[in-house]
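Trainee: For reference, the chains in residue letters:
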Amino acid sequence: MSQIAARQRLYRRHRSSIFHGFDPVLTAAVVALLFIGTLLVYAATRDWYASNGLDPQYYLKRHVINITIGVLLAYGTTTIDYRLLRAYTPIVWGLGVIGLIIVLIPGLGSEVNGAKAWIALPGGFQIQPAELAKISIIIGMSMILSERSHDRDEPTSRDVLQALAVAAIPVIFILIQPDMGTVFIISASVVTIIAVSGSPTKWVVGLLLIAVLGGVVATNTGVISDYQIKRLQTFVDPTVDTQGTGYQLRQARITVGSGGLIGTGLFNGPQTNGRFVPEQQTDFIFTVAGEELGFLGSGLIVILYLIMLMRAFAIARRTSDPFGRLVTTGVIAWFAFQIFENIGMTLGLMPMTGVPLPFISYGGSSMFATLIGFGLLQNVHARSRG
Amino acid sequence: MNQRSRLSLLVAQILIVSLLVALLGRLFYLQIAAGPIYRDAALSIQSRDVVAPANRGLIVDSSGVPLALNKVGLAITIDRIAIDKQPDKGVAVMQRLATLLKLKYKDVYTNTRLCGELPVGKRAGCWTGSRYQPIPITKEADPDIALQIVERPDQFPGVDAQPISIRSYPGLFDVNAAHVLGYVGPLTEDDLSKDTGKQYFRSESIGKAGLEIQYDSYLRGIPGIRTLIVDRKEAITRESQNTMPIAGDHLVTSLDIRLQSAAEQALADAVKRGRANGYTSDSGAAVVMDIRTGRILALASYPTYDPNAFEKGLTVQQASDLFSEKKAVPALNRALQGLYAPASTFKSVSVVAAAAAGYDLNASYICPSEVQVGTRAFQNFDSRDQGRMSLKKAIAVSCDTIWYQIAFDEWLRDGGLRPKSSPNDYFFKAAKAFHITEKVGIDLPSESKSRLADRDYKKSWFEQNKEFYCNYKTRATKAQLTPFLIQLAAENCVDGDKVRAGDAVNFSIGQGDTVVTPLKLTQMYAAIGNGGTIWQATIAKAIVKTDGTVIKTIEPNKLGTLTTAPSTLKFLQAALREVVVSGTGAGVFAGFPIQISGKTGTGQVFGRNPNGTQKDDTSWFASFAPSKNPRFAVVMMVGQGGFGASTSGVGVRHIYEAIFGVKGNTVVPGAAIYQNGKPPTTLPKISPATKPKEAP
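These protein sequence lines are chains L and V, in that order.
Read in order, the letters of the first sequence correspond to residues 1 to 386 in the numbering used here.
Read in order, the letters of the second sequence correspond to residues 1001 to 1696 in the numbering used here.
Worth flagging that the hints you see were computed from the coordinates, not collected in a lab.
Check each hint, because a few of them may be wrong.
Unchecked claim - Okay, the calculated bits of chain V under chain L, using three or more residues with CB under 8 Å as the criterion:
no.	region
1	1009–1015
2	1022–1030
3	1221–1232
Stated by the list, open to error - With beta-carbon atoms standing in for the labels, derived distance ranges:
no.	chain 1	residue 1	chain 2	residue 2	range
4	L	N268	V	I1032	17 to 23 Å
5	V	I1229	L	V25	39 to 45 Å
6	L	I91	V	P1036	54 to 60 Å
7	V	P1119	L	I303	47 to 53 Å
8	V	C1126	L	I303	47 to 53 Å
9	L	I102	V	K1106	50 to 56 Å
10	L	A314	V	N1002	14 to 20 Å
11	V	G1116	L	N268	40 to 46 Å
12	L	I91	V	G1116	28 to 34 Å
All residues carry an ideal CB built from backbone N, CA and C; glycine is no exception.
Between the sequences and the hints, there should be enough to build the whole structure, so can you do that?
Mentor: See below:
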C-alpha cells in the first residue's frame, strides 16, 4: 500500500464523522475539566460582581465564549493533518515572536502585575503572545528533531542546536517581559522534547544542568526583577502589606486548607466570596476548588489531569511517527509543568508566578492555547491508528 | 522509536506522575491533616468582633450610697472606616478636630490607630479595639464643642459625638477611698497575657486596682458582641451574631461613706499636725473595723490620688507621680502594704507573754530609768525612773524597763546565746497566737505579710547577710563605716543567727525587726476587744444583681482564737482602758463622753530620708470602743509622725467623734453613724441616686 493511499484512507475515515478518531477518555477528562472550570469561574466572580452592582454572570458569559472559540480552534486543529502543520510552523512561530516583540513596545503592550505580557485589542480584549509561542516552539522543535537523513535514526548535535535556537528566541523575549513561569514551562518542555527525540544524552544532561544553574543564578544575582523577588519572599505582617505576595500565598493556603474534606459547597466559600485571594478566577482559581469543593473536589481535578496526561502518554507511545510523538511529548510537558506550577504555587510548593491553570482558569489566550494543544493530541491520536 | 526515546518517555511519565501525586499529597496535608488550623485562620480573617461594653456594677457602702458608679460622658469618636475613605485618609479632619479639642494632632492620630498598625515601641495610646467601632478621642467633651462637631458634618465627616458610659467615683461627702476602690483602665497586652486574659475583649475597660480588680469578674458584666463578616477590602458583608451586653453585678461593701470620709479627714489632719510639730509625717493609714465580724468600716491611706484621673486618660506626669518616692508613693496602700515596727502598741502581746510565763499581772514591778542587759544599758522612754508600780499602770504610762527586765530574764531562762533545745519563747508564742505571721486576708490585692523576728527569722536573715557583715569593711559604703556600725557588723558576723539579749528586749516593746501592717494591728486589737476572736478582714458584704437578687454574700470568717486565759484578756482590756483614763492617752481623750480603750506607740525608725534628715518616729494609736462591750477597733499610724498620742491619738479621737456623733465633749443625739450602735446587718437598696444621711 502506497503512502498516498494510506493517507487518503485515513482522511476519508476521519471525514466520516467529526468525532471519529477522538480518544474518548482524553476527551471526557478535558470536557469534565472545562465544566468544573466554568463552575469555578462563576463561583469566583458571582458574589463579587453582584455586590458591586454588576452583572454576576459577566465572567461566566465571557468564559463560555472563550471555551466555545477554543473548542472551535481545537476542532480546527484536529481536522488538519498535523503533518501539514509543518508547512505552517514557520509562520506560526514568526507570528509568535512578532507578538512577543510587540508586547515590549510601550503603548502597544499592556502591563499587568509587573509583567508586559499582553497586547490590548479593541473591545477590552487582550491576547498573550507567549501562549502562542509555546505551541510554535513545540511544533518547530519537533519538526527539526524528527526530520533527518535516512542513514541516521537519531538527531545530530546540529539538529539539537537548531531546535534550541527555535526555542531560545521567543524565550529571550519572554524573559524580558518578564514571565518566569512561562520560561520555566517552556524550558521543561524543551528538555523533555530533546530527551524523547533520542538526541545524544550529553545534551539532555547538559541542558538539565544549565536549567538548574540558571535558576540558582537568576534568583541570587538579581536577574529576577524586584517584583519577582518580592513574590519569592515570605509573608511577614498581614496588617502592613495587604496586597503583597506573602499575603496572597498565605491567603491561598488558608483558603484551600479551610475547605477540609468536602468543602463549603459551591458558591458558599466565605474566603472566595470575600475575595481574600486575589486573581482567584485566573491564577488562583484552584483556591476556589479547594475551599468550595474540598479535598474530594480538588483531588478529583488533579486526578482528571492525571488521566488526561496518561492518555496523552499512550498516544505518544503508540504513534509510529516521530514528529507526532515529539509534538505529543511537548504538549504533555507543557500541560504537566503548567499544572504543577499553578497548583504548586497555590499550595505553597512553588514560588508565585502568573501562570493559568489549563482548561480551568479564566482567560482567552490560555484557553485557546490549551485547547489547541488538546486538538494536537487528538490529531496525533486520530492519525496514529492502524 | 529507538530505545533511548522509549526510556526517556518512560522517565518523563514517571516524573510527571510523581509531580501530580505530590500535589495530591500536599492537598491532603493542607485540607485534611492541617485543615482545622486553616479553618480557624480563615475564620479569624473573615470575622470582626465589635465589643459593646457592659454597664459596670456599682460599688456602694453599707447604706447603699454609691462609691463608684457610671456616669454619662460625651465621647467624640472617629469612624475609621469613614475617614480612611477620605482622599487624605482623614488627615485634614483629624487636624481640625485636634485644634477644636485643644489636643495634639499626633495624639489624635495615635489614638485612632489599631495597635498592629503602629511600630513596636510607638504603640502607647493606640486603639485596642476594632476598626469597626467608633474610636473615642475624648470621653468627656464639652457639650458646646460636641455640638459644633455634630452641626458641621461637612467639616467633620466621620466624626461623631455620642453619650458613653464612664466610670466615676463621685466622691460624695468628700470621700476619696482610692486605695480601697481602685480604678479602671483600658485593657493592656499584659492583662491579656495573664491567666484571666482570655475572658477579656480588646477595647474593654477593666478593674486595675483595689475592689475594682478584686471583684472585676462580677462588676464587669458580659460585653455584647457583634460579629461582622468582612471581605478583603474590609467591607461588611453580613452580621453573624449580635449579643446584647449584660450589666455587671453591684458590690455592697461594709464601708460607711461618712465614716470613710471622717477617717480620711482625721488622717490628713494628723499628718498636718505632725508636720506642724516639726515631724516629716510623709505617710499614714487609718483603719476602722467591726470587731464582731472583721468587716472593714473605713480604710484610708495617705498620700492618695484621684481615681477619676484614669478614665480621663492619665498624663505621663500623673502616672509617674503615683510611684514617685518624692511624692511618698501614693499608689501604695499603707494600711495593708506598709510595714512598721508596732512599738509600744505591742506591749499587749508582752502582757500575754508575761502571763503565760507565770508573772503575776496584779503584782507591782519597779520601772527604773534603765536596765542593764549584758554590756548595754537599755533606757526607759525619756530615761525616767518611775519607781514601783502595778503592771496595769506600767501599761498606762508605757514603762519600757519593766518589759526589758522580764524579756531579759526569760531570754536567760531560755539559754541566752546557747538556747535550750526547746525554749519557752513566751514572747514569740504570744505574737504567733495573734496570727502575726499570717495575712489578715483582706479582699484587696497585694496585702503584705507582717514579720515576726523570731529564731527562725534570725537564722534565715543571717544566711542572707553574713557575707556582707563578715566582710563589712570592704562591702559597706563610706557613709556606713561609722565606729558604731562597724562594731554592729562585727557582732552580727559572730552571732547574727542568734536571738541576742538586745533582740529579746527590743521585741518586748515592739522594736527591732518585727514589723506589722496597720491592718494587722487592727485585727490584733479587735481580738483583744472582742474576747479573743481573730477575724478575717473583709470589705465586701455581698454581690447583688441589677434586679436585686443577691448572688453571693461574704460571711465573717473566724481565723482563730487567742488561747490566753480570759483573766489575762480582762486584765489587758482594763489596762488599755487605763491608758486612756490616766496614761499616755488621757490628755487626748480628756472629757470624751464614750469610754475608749487603746494604746499609744512611738516607734523608732533607723535610717535617713532622701533629703538626709534622720527619720522621725512612727506614730501609732491602736484602740477599741466602747470599753464596755466594744464594737469598733480604730487604728491610726502616721509614718514619721512623732508621738503616738499627739499625732495619731488625736486622729483616732476624731474618728470616734464621727462614729458616736460627738461634738466637743457631748454626744449629739442622732449624729452617731450607727443609730443602734452597730453596723447594719441587712443589705441596702442599691441605686445610683442614693444620698448619704447628713448629720444633724
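Trainee: Looking back at the numbered hints, which does the structure fail to meet, lowest number first?
Mentor: Violated hints: 11, 12; rest satisfied.
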